[in-house]
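2 protein chains.
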Amino acid sequence: MQLIDGKATSIEIKKEIAKEVEQIKASGGKTPHLAAILVGHDGGSETYVANKVKSCEEVGFESTLIRFETDVTEKDLLASVEKLNNDPDIDGFIVQLPLPKHISEDKVTEAIDYRKDVDGFHPVNVGRMSLEMPCFLSATPSGIVELLRRYKIDTKGKHCVILGRSNIVGKPAAMLLMQKAYPGDCTVTVCHSRTENIKEICLQADIIIAALGVPEFLKGDMVKQGAVVIDVGTTRVPSDKTKSGFKLTGDVAFDEVAPKCAYITPVPGGVGPMTIVSLLKNTLLAGKKEVYN
Amino acid sequence: MQLIDGKATSIEIKKEIAKEVEQIKASGGKTPHLAAILVGHDGGSETYVANKVKSCEEVGFESTLIRFETDVTEKDLLASVEKLNNDPDIDGFIVQLPLPKHISEDKVTEAIDYRKDVDGFHPVNVGRMSLEMPCFLSATPSGIVELLRRYKIDTKGKHCVILGRSNIVGKPAAMLLMQKAYPGDCTVTVCHSRTENIKEICLQADIIIAALGVPEFLKGDMVKQGAVVIDVGTTRVPSDKTKSGFKLTGDVAFDEVAPKCAYITPVPGGVGPMTIVSLLKNTLLAGKKEVYN
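Protein chains in written order, with our numbering: chain A, 1 to 293; chain B, 294 to 586.
For the record, the hints were derived by calculation from the structure and aren't laboratory data.
Some hints could be false.
For each label pair, taking beta carbons as the anchor points, the in silico distance ranges come out as [said to hold, decoys possible]:
id	chain 1	residue 1	chain 2	residue 2	range
1	A	Glu46	B	Asn378	37 to 47 angstroms
2	B	Asn378	A	Leu78	24 to 34 angstroms
3	B	Pro561	A	Lys15	55 to 65 angstroms
4	B	Glu398	A	Lys288	19 to 29 angstroms
5	B	Lys445	A	His102	35 to 45 angstroms
6	A	Lys289	B	Asn378	18 to 28 angstroms
7	A	Ser104	B	Tyr475	17 to 27 angstroms
8	A	Lys156	B	Lys536	41 to 51 angstroms
9	A	Gly43	B	Glu305	48 to 58 angstroms
10	B	Tyr475	A	Lys247	30 to 40 angstroms
Ideal placement from N, C-alpha and C gives every residue a C-beta, glycine not left out.
Generate coordinates for the entire structure from the input sequences, incorporating the hints supplied.
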């Protein structure tokens, strides 16, 4: 069993990005600039956004954090989005989800100029990804694919089973892994809460991407010998053993599953850090105007 | 075994559309107007476009056919698209594919105003479909889903195996059938030319959608008893038994497969007529401005 070290890989890629940013600056180019909008004080969101801002600094980007209280109106939030759309210094930006219930996430996501949508959530980027056209790839699936590439994991003709059909992981991961590309060319199965014989299907998988958000859903008896297991789960489970009072828990029962795997990602330190790296890569592309003009 | 009669179903739906068009006209509303651009004289394309125009007349739409010779420049074709985009009388239009090699299909598809893209091929519609937002559904997958609905075929939790990963059938059909909806909620597997154990996977399927474009690919020994088989193949195979000199052949070896099926679509008269009906439905929605303003 080999551990897929997302943290180490993310550090390696950040160094590559930092080097490119240095060259851009040295040649008088514009420093890439990522902005993030954060609404409210959800613990998870706070952590994610803080990590994103910190990562921007690490690679030499400029970053801007815009905060709103939970009672911000949809209108005010949309106005902030519009301002970022029109700010030529901002190359890309994200609105951290989830948003309070009185604000439409669809409306906010669609309001973002797709040419600055470095999360890859806008319908234009989702559609272009499906059509294999240049776009900002959805950050988490793009991070997964990058891990498969860096670990030189064979994907062509392999059966990839994806657990979960969310718009931000399951569906775009399915699209990426069935494309005529490396990593890709997989036979792809998408399972979800309605799937009847999920264990039987998982046992056929060469690659499993677990993104249901159900802690330790994937057990040892659901995985065949030699499988590659990618754990996207990050549920905060209460714990009296940590200072924060919770423990980040994946969708995979790691201790049972790992011994059977050829490769497996841990939680934390697997997919998580790669999602941020994808965001940085998209922002770099945005800064260089390599996807859209 | 019950035959899924796409032709009869399409006639039924066309009557429903015709009735609605009559009511629109009676109340002084605008008659829906579909335009089609046809480049060259490919036999298949000629037939498809002729059928689309004829269907428009049947339901009371206005229709316009714009023809170009094979040597039309990309620039002139794009100008024609732009003209239709800006023509307030045209509610929706299609550019019949394939196009000659010197013209970029991606560029032409993207040039179409997504609010008039009644084929559902534009990245905005593809993305919105994936995100389960209102959009023009890709015509062939939408026709398939409509057949499942009209025949009251159970899909929830069923394993749907899709053969083929094309942008116009395989991928969008996968997205539709995994959505939280009826028809939908399927466990979805997408197989293609790189799939290693396609027979084994097909044998697990409750529903098979065959869209590889390989005549009679799906044999009797690849289908389990009681399966639902949807044949999207329409390859023109030379034949000395028909006046035209060819025979429209599906991806399913019908005589072998049909006896094992609970439901099966024939070729011709299955999915084909439903694709045109989807186009009419999208045009009606476009005319009523129900998807976009």
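Against the earlier hints, flag every one the structure doesn't satisfy and list their numbers going up.
When the structure is compared with the hints, none of them turns out to be violated.
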